[in-house]
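Sequence lines, in order, name chains A and B.
Heads up: the first sequence at position 54 corresponds to 54 in the working numbering, and the numbers run straight through without jumps.
Heads up: the second sequence at position 26 corresponds to 26 in the working numbering, and the numbers run straight through without jumps.
Since the hints were made in silico from the structure, they are not lab data.
Any given hint could turn out to be false.
Here are the simulated EDC-like cross-link-like pairs (lysine to aspartate or glutamate), alpha carbons at most 20 Å apart as the crow flies [to be verified]:
1. A:Lys236 to B:Asp79
2. A:Lys302 to B:Asp4
3. B:Lys119 to A:Glu229
4. B:Lys7 to B:Asp47
5. A:Lys206 to A:Asp283
6. B:Lys121 to A:Asp293
7. A:Lys302 to A:Glu255
8. B:Lys121 to A:Glu153
9. B:Lys7 to B:Glu48
10. A:Lys142 to A:Glu126
11. B:Lys123 to A:Asp293
12. B:Lys93 to A:Glu255
13. B:Lys119 to A:Asp293
14. A:Lys236 to B:Glu28
15. B:Lys61 to A:Glu208
16. B:Lys78 to B:Glu66
17. B:Lys93 to A:Glu271
18. A:Lys300 to A:Glu229
19. A:Lys429 to A:Glu312
20. A:Lys249 to A:Glu271
21. B:Lys93 to B:Asp75
22. A:Lys419 to A:Asp307
23. B:Lys121 to B:Glu96
24. A:Lys301 to B:Asp36
25. B:Lys121 to B:Asp79
26. B:Lys93 to A:Asp283
27. A:Lys249 to A:Asp237
28. B:Lys39 to B:Glu66
29. B:Lys93 to A:Glu137
30. A:Lys249 to A:Glu229
31. A:Lys201 to A:Glu271
32. B:Lys5 to B:Asp16
33. A:Lys300 to B:Glu66
34. B:Lys81 to B:Asp36
35. B:Lys93 to A:Glu312
36. B:Lys78 to B:Asp115
37. B:Lys46 to B:Asp16
38. A:Lys300 to A:Glu208
39. B:Lys93 to B:Glu66
40. A:Lys236 to B:Asp36
Computed from a prediction, not measured in an experiment: that's the story for all the values here.
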Amino acid sequence: MKSLSANLRAVLSSLVALIFMLGLGYFAWTYFGVPEEYKDQTIIGVSVFTMVVIAVLVYQSRKVYESARAIARGMTRSMLEESHELFSELYRNSPIPYLVVDSRGIVDSMNVASARFFHVELNALEGIDIFSFIEAEDDNDKASRIPDFYKQEKNVNEVVTQMRRPDGVCRYVLLSLYPFRDGDGRKRGLLTLVDITKQRKIDKAKTEFVSLASHQLRTPISSMKWNLELLETAMKDSLDENQQQYIEKMNHSIERMDMLVADFLNVSKLELGTLKPEYTQVDLVAFVTSITDEYQSPAKKKNVRIDVNWSEISGIVITDAHLLHMIVSNLIGNAVKYTPENGIVRVEARYDIDHVIFTITDNGIGIPEDEQEMIFTKLYRASNAKSEVIEGTGLGLYVVKEAVQVLGGKINFTSNPGKGTTFTVVLPK
Amino acid sequence: MDSDKKKILIVEDEIDLLDALATALEYEGFEALKADGGKKGIEMAKDERPALAIVDISMPKVNGIEVIKKYKEHDWGKDIKIIVMTALDDLEKMAEVMEAGGDEYVVKTKVTLGDIVQKVKDKLGM
Numbered sequence: 001m002k003s004l005s006a007n008l009r010a011v012l013s014s015l016v017a018l019i020f021m022l023g024l025g026y027f028a029w030t031y032f033g034v035p036e037e038y039k040d041q042t043i044i045g046v047s048v049f050t051m052v053v054i055a056v057l058v059y060q061s062r063k064v065y066e067s068a069r070a071i072a073r074g075m076t077r078s079m080l081e082e083s084h085e086l087f088s089e090l091y092r093n094s095p096i097p098y099l100v101v102d103s104r105g106i107v108d109s110m111n112v113a114s115a116r117f118f119h120v121e122l123n124a125l126e127g128i129d130i131f132s133f134i135e136a137e138d139d140n141d142k143a144s145r146i147p148d149f150y151k152q153e154k155n156v157n158e159v160v161t162q163m164r165r166p167d168g169v170c171r172y173v174l175l176s177l178y179p180f181r182d183g184d185g186r187k188r189g190l191l192t193l194v195d196i197t198k199q200r201k202i203d204k205a206k207t208e209f210v211s212l213a214s215h216q217l218r219t220p221i222s223s224m225k226w227n228l229e230l231l232e233t234a235m236k237d238s239l240d241e242n243q244q245q246y247i248e249k250m251n252h253s254i255e256r257m258d259m260l261v262a263d264f265l266n267v268s269k270l271e272l273g274t275l276k277p278e279y280t281q282v283d284l285v286a287f288v289t290s291i292t293d294e295y296q297s298p299a300k301k302k303n304v305r306i307d308v309n310w311s312e313i314s315g316i317v318i319t320d321a322h323l324l325h326m327i328v329s330n331l332i333g334n335a336v337k338y339t340p341e342n343g344i345v346r347v348e349a350r351y352d353i354d355h356v357i358f359t360i361t362d363n364g365i366g367i368p369e370d371e372q373e374m375i376f377t378k379l380y381r382a383s384n385a386k387s388e389v390i391e392g393t394g395l396g397l398y399v400v401k402e403a404v405q406v407l408g409g410k411i412n413f414t415s416n417p418g419k420g421t422t423f424t425v426v427l428p429k
Numbered sequence: 001m002d003s004d005k006k007k008i009l010i011v012e013d014e015i016d017l018l019d020a021l022a023t024a025l026e027y028e029g030f031e032a033l034k035a036d037g038g039k040k041g042i043e044m045a046k047d048e049r050p051a052l053a054i055v056d057i058s059m060p061k062v063n064g065i066e067v068i069k070k071y072k073e074h075d076w077g078k079d080i081k082i083i084v085m086t087a088l089d090d091l092e093k094m095a096e097v098m099e100a101g102g103d104e105y106v107v108k109t110k111v112t113l114g115d116i117v118q119k120v121k122d123k124l125g126m
């Protein structure tokens, strides 16, 4: 087959020849004229010549087209081969375990990293159902629905699950499964695994440490509190004024220690990143009522009234009980703490379509305007808070804000110094 | 033993807290029974048939949820009123606790002995 350039040259030459001959003919006809008796022959001759040249042109053009197509095919084949080579190398040698499965989840092929992950020889899993290695926790676990998602040709993106290897060892992974159609239109899936066992162990160790610290610190605090209460009760008729003051100070210190431990542990959880929301069903009224009950004692000591309004809420919400406790408890605690004697704290909750909205209002000391931007900052206490109320770590509102963010909610407030503050928290339900 | 005194069983593995609770209840005229673990809490409930049990959630070996479930499974235990004690870290278990049969819960570090005694009296209609 002639090359593309040779065919193109032939087409150009024919075109030039045609244009030249037609031009020459026109010139001769116009300037020299053609005798009357030769006019018909001249026209026929020119027409035949033109048709021949056009036929040659069409033939040459077709040749050009075929050459171009052949070159394009060649290029495409070459590009495809290169691309296939590159993909094969990536697939084979990637540090990420890859497996290709058929429409039922049976392994078609696997790479070196997946053989390493499963602790088997390369290709040892071919012909085996990959879903049989998944260790879902229970039927509600997302991992148990992976085969169904795959059947429906839905992407599975980074589901955390356990895989039990053929040697019986379990590993935590991020599993992704992407269905696709191969060149013959058959359904296939590309499965990837990212081994996160080490990170899980570290997270678990962090959580256990914080939990242990929490329990070990809080138990002696509870013990001191209750035994001091017993001492007060047993000696209430025989304590002089000074002794009563000593006991009062001890109570204060215990409460302060309890608050510090709670705040530091909450901040630790937030900053260690171990505070991942664990959503459970929460009976909202019962839950939040119990939190307000916690603050009835300190409120009564100052003759502060806590008014609650749950009339617009009922039933179950799906949330993280721990984080919800952090938010509501800190806000009510602050309201009681910064409200002077004989004050009122109002706690309300209501729903809109997708949210539960808490409003905590006090008629306490308020927040100075020039300090309002800073109050969610870690360890920040407003100047009037420091001067009027001794206890406080400056961590409470920081913890509230972080907890609200973890739950995907919003918090804002309005405050008038000397008149009071209203916090509004909007949380998804 | 004064048979008019209502029996309150305390199931708590921390001895200091167990003793403090028992003292406070006895001071208010109750008969306080002490179980320093979940297994003993089940055995004593079966033997003594208390009117109410104060059960700590987080105990080693047999935890509070298992204790409550055991009470509810048997005739000797199903009528025992139950106040659950929890630390703040156990809050996510509360739904499970209430489903198992807990009547109310208190957070140990937030509640006084007086509060607990009052809740006992309220639950018993006193």
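Legend entry - Pair hint outcome, B:Lys121 versus A:Asp293 [Cα-Cα no greater than 20 Å]: OK: B:Lys121 and A:Asp293 at ~16 Å, within 20 Å.
Inset, instruction - Decide if the proposed pair is consistent with the structure: B:Lys39 and B:Glu66, CA atoms, cutoff 20 Å inclusive. - result: Answer holds: B:Lys39 to B:Glu66 is near 9 Å, not above 20 Å.
Legend entry - Holds or violated: A:Lys142 to A:Glu126, with C-alpha atoms at most 20 Å apart: Roughly 25 Å separates the two Cα atoms, so the pair is violated.
Legend entry - Pairwise hint evaluation, A:Glu312 against B:Lys93, where the allowed Cα distance is 20 Å at most: violated (26 Å)
Legend entry - Restraint check for A:Lys300 with A:Glu208, where alpha carbons must lie at most 20 Å apart: Cα-Cα ~36 Å, so violated.
Inset, instruction - Starting from B:Lys61, check that the Cα of A:Glu208 is at most 20 Å away, please. - result: Distance of about 17 Å is within 20 Å: holds.
Legend entry - Given hint B:Glu28 paired with A:Lys236 - CA-CA distance at most 20 Å: Holds: A:Lys236 and B:Glu28 sit about 15 Å apart, inside 20 Å.
Inset, instruction - Would you check the hint for B:Lys7 and B:Glu48, treating anything up to 20 Å between C-alpha atoms as holding? - result: holds (8 Å)
Legend entry - Hinted pair A:Lys206 and A:Asp283, Cα distance within 20 Å: violated (29 Å)
Legend entry - A:Lys300 paired with B:Glu66 [C-alpha distance capped at 20 Å]: violated (36 Å)
Inset, instruction - Sort out whether A:Glu271 lies within 20 Å of A:Lys249, counting only the CA atoms. - result: Distance of about 32 Å is beyond 20 Å: violated.
Legend entry - Agreement of B:Lys93 and B:Asp75 with the hint, judged by alpha carbon distance not exceeding 20 Å: violated (25 Å)
Violated hints, in rising order: 1, 2, 5, 8, 10, 12, 17, 20, 21, 23, 24, 32, 33, 35, 36, 37, 38, 40; the structure is consistent with all others.
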